[in-house]
Amino acid sequence: MSWQSQAASAPSKARTDTEASALRSGLIAAFRSVRGETERRSAPLSPEDQILQSMPDASPIKWHRAHTTWFFEQFVLREHAPGYVPFDDRFAFLFNSYYVAAGPRHERPKRGLISRPTAEEVGAYRAHVDAAVIALLEEVEEARLPGLAALMEIGFNHEQQHQELMLTDILHAFSLNPTDPAYDAAWTAPSTGPDVGEDPREQVLVAGGIYRIGHEGSGFSFDNEGPAHQVLVPPTKIDRHLVTNGDWLAFMEAGGYRDPLLWLSEGFGAAQAGGWEAPLYWRQVDGQWFALTLGGLRPVDLTAPVCHVSYYEADAFARFAGKSLPTEQAFEVAAGKGLLADAFGVVWQWTRSFYGAYPGYRAAPGALGEYNGKFMVNQMVLRGSSLATPIGHERTTYRNFFHPHQRWQFTGLRLADEAI
1 MSWQSQAASA
11 PSKARTDTEA
21 SALRSGLIAA
31 FRSVRGETER
41 RSAPLSPEDQ
51 ILQSMPDASP
61 IKWHRAHTTW
71 FFEQFVLREH
81 APGYVPFDDR
91 FAFLFNSYYV
101 AAGPRHERPK
111 RGLISRPTAE
121 EVGAYRAHVD
131 AAVIALLEEV
141 EEARLPGLAA
151 LMEIGFNHEQ
161 QHQELMLTDI
171 LHAFSLNPTD
181 PAYDAAWTAP
191 STGPDVGEDP
201 REQVLVAGGI
211 YRIGHEGSGF
221 SFDNEGPAHQ
231 VLVPPTKIDR
241 HLVTNGDWLA
251 FMEAGGYRDP
261 LLWLSEGFGA
271 AQAGGWEAPL
281 YWRQVDGQWF
291 ALTLGGLRPV
301 DLTAPVCHVS
311 YYEADAFARF
321 AGKSLPTEQA
331 FEVAAGKGLL
341 ADAFGVVWQW
351 TRSFYGAYPG
361 YRAAPGALGE
371 YNGKFMVNQM
381 VLRGSSLATP
391 IGHERTTYRN
401 FFHPHQRWQF
411 TGLRLADEAI
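Quick note on numbering: the numbering used here labels position 99 of the sequence shown as 99, and the sequence is numbered without any gaps.
None of these hints come from the bench; they were simulated from the model.
Just so you know, not all the hints are guaranteed correct.
Just the calculated beta-carbon pair ranges, DEER-fashion [said to hold, decoys possible]:
#1 Arg-90 <-> Gly-269: 40 to 48 Å
#2 Gly-103 <-> Pro-190: 35 to 43 Å
#3 Glu-37 <-> Pro-109: 25 to 33 Å
Taking lysine-lysine pairs in the DSSO-like style, the calculated list, with each CA pair at most 30 Å apart, reads [unchecked claim]:
#4 Lys-237 <-> Lys-337
#5 Lys-110 <-> Lys-337
#6 Lys-337 <-> Lys-323
#7 Lys-323 <-> Lys-237
On a predicted model such as this, the values are computed, not experimentally measured, just so you know.
C-beta atoms are modelled at their ideal positions from N, C-alpha and C, and glycine is treated no differently.
The task is simple: from the sequences and hints, build the whole structure.
As structure tokens, this is what we get:
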């Protein structure tokens, strides 16, 4: 069920004083938890770290902290808290992202030039909005609480998306620092891979047939995950395990980055223009491959899943391996049946599905309708979740999407074969 449909159905679920009290206290606890996680992720970073913007696709950590705060101020407090006094009227221009209907905004590529307000002032902004939101949740009348809850829930999930971006964006910024700084020197990669005696090349079968995919029922979803609908999935074998760094090194050593026959034309052009010879953040030191991670520069673990590769690279590797990438429909079916190892919490996985609307999709009215629908062109779907995804934010129907050349996210792949 989408957040919009929850808003319509929720009133019947909060009719008693006990239910309303539980909803109220649950919202406050969830709000504090989500907001606290953002601050936890920014805690290892200095004020100087927080202003860095390494490319137009990335944003400064300070901006992420302020933008997620603006979201609650704009869509919750300004619209539902009579008498709310904004922390600073200038912040709406500085920290709006792409919500055209919500007003003008600062240019995205120039977010790193916003030295003022300082990181400390952004912290004060967050505290101001947090106090106002909690006061609203404590005081709002029972009849308005369910509708407010639906709006708060999309705010929680929106902030969780930015929590992931905080890690991807600071890692990219650190990759341009010749001292190879660590976000967290104690960071460790997720434990992955086949168990002892398990075949790393094992494939699982998704039987051909008609399946129902997309989100339905209870629980939160973004609007692009629905409506649920039927699809025809051909018989598909999908690799149970993710493609590893060792697999990728074999591709590199076989000249995979230099063979135009493996690549889409635009992909080969992007690889040549960008000087791609390995995944992003890989570099050779005295003949050995290292990669910059959240824990700093470390030797490449050949058994770990490959990460930070674009769709173009993933597609070329699949062709090199004589296979393909799975469709998002086949992935959802396989993941929903629990057939895939490391489907969540390691790397987002490229599919060969174009990002578009499901049959019957309609964007929500108002500024929040700009959340997903306006981006449904020229991008590819990724499924699963990554090591940077906040706990509880992943689900089988989640549709992530990026342009095919982008590689700074925690993106990897698994292979499929429909020729069975």
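Hint check results:
no., hint, in the structure
1, Arg-90 <-> Gly-269: 40 to 48 Å, "42 Å, holds"
2, Gly-103 <-> Pro-190: 35 to 43 Å, "40 Å, holds"
3, Glu-37 <-> Pro-109: 25 to 33 Å, "28 Å, holds"
4, Lys-237 <-> Lys-337, "14 Å, holds"
5, Lys-110 <-> Lys-337, "45 Å, violated"
6, Lys-337 <-> Lys-323, "22 Å, holds"
7, Lys-323 <-> Lys-237, "10 Å, holds"
Checked against the numbered hints above, the structure violates only hint 5.
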